[in-house]
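2 protein chains.
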Amino acid sequence: MPPKKPTIDDVAAHSGVARVTVSRVLNGGPNVRAEVRERVQRSVAALDYKVNVQARFLAGGGSRQVTLVHESALDSEPNSYYHSALELGALRACSNRGFTLSTFAVDPTSPDFAKRLLELVESGRIDGLVLTPPLSDDVALVQAIMRLQCPVVCVSGGPKVRVLTASVGIDDEAAGYAIAQLLIGAGHRNFGYIDGPEGHISAAQRLQGVQRAMAEAGIPAAQLYAQRGDFTFRSGIELSEKILTARGELTALVCANDDMAAGAMLTVHRMGWAIPGDLSISGFDDTPMSEIIWPPLTTAHQPIRWVGQRAFEILIDAVNSGTGVAGASFETAPFRIVERASTGRPRNRKAAPPPGA
Amino acid sequence: MPPKKPTIDDVAAHSGVARVTVSRVLNGGPNVRAEVRERVQRSVAALDYKVNVQARFLAGGGSRQVTLVHESALDSEPNSYYHSALELGALRACSNRGFTLSTFAVDPTSPDFAKRLLELVESGRIDGLVLTPPLSDDVALVQAIMRLQCPVVCVSGGPKVRVLTASVGIDDEAAGYAIAQLLIGAGHRNFGYIDGPEGHISAAQRLQGVQRAMAEAGIPAAQLYAQRGDFTFRSGIELSEKILTARGELTALVCANDDMAAGAMLTVHRMGWAIPGDLSISGFDDTPMSEIIWPPLTTAHQPIRWVGQRAFEILIDAVNSGTGVAGASFETAPFRIVERASTGRPRNRKAAPPPGA
DNA sequence: AGGCGGATTGGAAGCGCTTCCAATGCCCAA
DNA sequence: TTGGGCATTGGAAGCGCTTCCAATCCGCCT
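Chains as they are written, first to last, in this note's numbering: chain Z, 40 to 396; chain B, 40 to 396.
A hint or two may mislead.
Note: identical chains are not told apart, hence a pair may lie in one copy or across any two.
No more than 25 Å apart at the CA atoms, straight line, and that leaves these computed lysine to aspartate or glutamate pairs for DMTMM-like [unchecked claim]: (1) 199 - 269; (2) 281 - 237; (3) 89 - 378; (4) 43 - 158; (5) 199 - 151; (6) 44 - 161; (7) 44 - 269; (8) 154 - 74; (9) 199 - 370; (10) 89 - 48; (11) 199 - 288; (12) 44 - 158; (13) 154 - 317; (14) 154 - 370; (15) 89 - 161; (16) 43 - 161; (17) 281 - 370; (18) 281 - 317; (19) 89 - 146; (20) 44 - 255; (21) 89 - 74; (22) 89 - 288; (23) 43 - 317.
To be clear, the hints were calculated from the coordinates, so they are not data collected in a lab.
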C-alpha cells in the first residue's frame, strides 16, 4: 500500500499556517512575511510535497492551452525528426503542468500566414505560443503577437528576437566555432560552408563561429567559400557540386544541418572521392540519420527534445504569471560535438577529377 | 469572449435528470434505463459536451499512470526515430485523457529484466503498460504481467500474443506481400530477404508475405534467400554482402527495416552496382532517413505515431473499465507502400564482380 | 393485500487547489 | 490618542466530476 501523497493541507498543518498561505507561497504571491515563506518552504521540502496539477487547474479556471507553431514545408510533414523531437519535449512539459498542447502549421509560401496566425491569437483560444525556426527569426511577427498580449517563446531565436522575448536554443556561434576548431585541429585550411536560407539566423551564426575560429587560427577569410542552401537533402547535393567545382582545393565542408551534409556526401561519393581522406564533411543536429549514413557523420548534437521542453516550461511560467509576456531572456541549451568518421585529417589528393566526371 | 464550455450540470439540466445519472451514462455504468441513457446521449451531442478530465481525475482518485516499455539496446537510446514517434503518439493519447506517461527501458541482455519489470507492476504504481517489439512477442512475459491483473497492450504483437491481450500494429504479412508484389510486377524473380532477429515475429511475417506473393506468381520458393539481421545498419552491411556473395543472380533485396536497407545500399554502392538497375532494395518503416538516402528508399510506411496513440487509448479504456485486462483484440494500422527510386525494373547485369572487389 | 429484493434515481460529500473577501495587526499622520 | 491605510493571514466558496448511500419505484411471493 503506497502511502498517500501529501496535500496542501498537510503542508499547512506541518508549518502551522492556513492552506491559503501555503498556496501563496507556492505561487509566489505577495504579502507573505519572509519568515513564514521560508517556514512553508521547509515544510514542502520535508514532506516532499508536489502540487496536484489537476486540482490546481480545476480551481484556477480550467485547463489552459498553448500552441507549437511550426513551418510545414508541405512535404516535410510526415516524418520530420526535428519537429517530432520538439513536439515530444513540448508535450512532456505540458502534460506535467496540466496544459493542453495544440500545433499550428504555417505555410510560409502563403502570403497571409501571419494574418492567420494572428487571428488564432486574437480568438483568445490560445494562452501562449512557441515559435520554431525560421518563424522565430521574424521580428515583425513576434512584435505583432506581443502587441496582442500573448506570451511568446522562440526556439533558436536570433539576436533581434532575443531582446524582445524569451528564447531557447544552443549557442550556434559557439557550435560553429567548435566544429571549425575540430577541423582546423585536424589540419584543414580550406573550407566550404553550406548555409541555411536567407533570414535563417541560426545557420548564419554557425557560419560566424566558423569564421572566428579561422581568424583565430590565422587562416585568411578568403579560404572559406559559403553558399546558401535550404536545409534539404537536394540542396546539399546541388550546392556541394557547385562549391567543389568552384573550389577544388578545399578539404572540409561544413553544413548547416545533417540533411544537407547527407546530400553533400552523395555528391562526393559520386565523384569517387574518399571521405574523409579527400574531403571531410560535418553536419548539424545529430539526427538519427547521422549514425546510419556512410561514413557516420560528425555533427553537433542539439538536445532538441530538451529545447522543446524548456521552451514550454518558460512559456507556461509566463502564462501563469499573468503578465501576458515572457520576459526577454535567452536560455542556452548544451550542445556537443559528436565526432564520427566523416571528418579526419586531409590527405594529399591526386589530380582531383572535376565533379560529375 | 468565448462562450463557456458546457458542464455535466448543463447536460443534466438539458436532459432533465440528475448529474449523477449523466455521470453514469458517460462512464457506461449499470442501472440506467435505455430510454434515459439515450436521452442523455442526445443532450451530450446537442451541447457538444466534453468531460473535463482534470475534474474527473480529481474526483476519481488522483491521476493515473501508464508506462511505455521499450527495449533499450544501450546505444540506440539517444535518437531512435521509432521510439520517439511511438512516445509522441503515446503522450498525445495520455495528455488528452489526463493520464501520466512514464517510460521504462529494458536491457534485454540482462537476465532478470522480466523480474524488474514485474516488480514495477507489483509495486502498484502503474495502472497499465504498453509493450513494444520485441518484448511484445514474449508470450511468457505477457502472461506473467496479466497474472498480476495489470492491463497490457502490445505494439505489433505476434499471433500468440494477440489471443491473450490487445495489440495494435500493421498487417505485416500483407505489407510483405505488397512489397513483393511491387517487385514481382517490375519483373524480379530472384529475391534476397534480410530478416529480423529470431523471435521477432513482425519481421518473420513480412517474410511470409513475400513468400506468399512469390508462390502466387509461380516463383519457386528456392528463389528466395533469407538471412537474419538484427535491425542495425551494420547488420545490413554484413548480411547484404553475405547474401550477394551466395546468390549473385538475385535482383531484389527486401529488408525488414530501413536501417538494414541503408546498410545494404552501402554494400551495393561499394560493389559498384547501380540501384535499382543492378539491384532493387526495399525497406520497412519509412523513417525520415528513407527520403534522405540515395537513392530514396522504397519502403512500407507505418503510422508509428498513430500506433502509439491507439495503443494507449486502448490501454486507458481498459484501465478505466476496471477489469484489469485489455480484451484480446488486434487493431490493424493502415500501412502504405511508398515507392521511391531504390526499386525498379531489373536490367541485365554484365559480369557481376564479386562483392568486396 | 402486505412485504421484500432488485433496479433506478437523486442527494450530499468531497477530490486538492485557487480566488474572493473579511479579519487582524501594525505604523504613521493628524 | 485616534483613525486611515497597508501588509498579512485566514475563512469560505466553489472548479466539474465521482463515489457513497439513501430514496423511490416496480414486480413478485406469501
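Do the hints match the structure? See the list:
| no. | hint | verdict |
| --- | --- | --- |
| 1 | 199 - 269 | within (22 Å within a copy, 48 Å between copies) |
| 2 | 281 - 237 | within (18 Å within a copy, 47 Å between copies) |
| 3 | 89 - 378 | neither (41 Å within a copy, 51 Å between copies) |
| 4 | 43 - 158 | between (45 Å within a copy, 20 Å between copies) |
| 5 | 199 - 151 | within (23 Å within a copy, 54 Å between copies) |
| 6 | 44 - 161 | between (40 Å within a copy, 19 Å between copies) |
| 7 | 44 - 269 | neither (51 Å within a copy, 44 Å between copies) |
| 8 | 154 - 74 | neither (50 Å within a copy, 48 Å between copies) |
| 9 | 199 - 370 | within (15 Å within a copy, 50 Å between copies) |
| 10 | 89 - 48 | within (12 Å within a copy, 31 Å between copies) |
| 11 | 199 - 288 | neither (37 Å within a copy, 61 Å between copies) |
| 12 | 44 - 158 | between (42 Å within a copy, 21 Å between copies) |
| 13 | 154 - 317 | neither (49 Å within a copy, 52 Å between copies) |
| 14 | 154 - 370 | neither (29 Å within a copy, 41 Å between copies) |
| 15 | 89 - 161 | between (34 Å within a copy, 24 Å between copies) |
| 16 | 43 - 161 | between (43 Å within a copy, 17 Å between copies) |
| 17 | 281 - 370 | neither (37 Å within a copy, 50 Å between copies) |
| 18 | 281 - 317 | within (17 Å within a copy, 29 Å between copies) |
| 19 | 89 - 146 | neither (41 Å within a copy, 31 Å between copies) |
| 20 | 44 - 255 | neither (57 Å within a copy, 62 Å between copies) |
| 21 | 89 - 74 | within (21 Å within a copy, 44 Å between copies) |
| 22 | 89 - 288 | neither (61 Å within a copy, 65 Å between copies) |
| 23 | 43 - 317 | neither (65 Å within a copy, 66 Å between copies) |
Consistency with the previously given hints fails for numbers 3, 7, 8, 11, 13, 14, 17, 19, 20, 22 and 23, ordered from lowest to highest.
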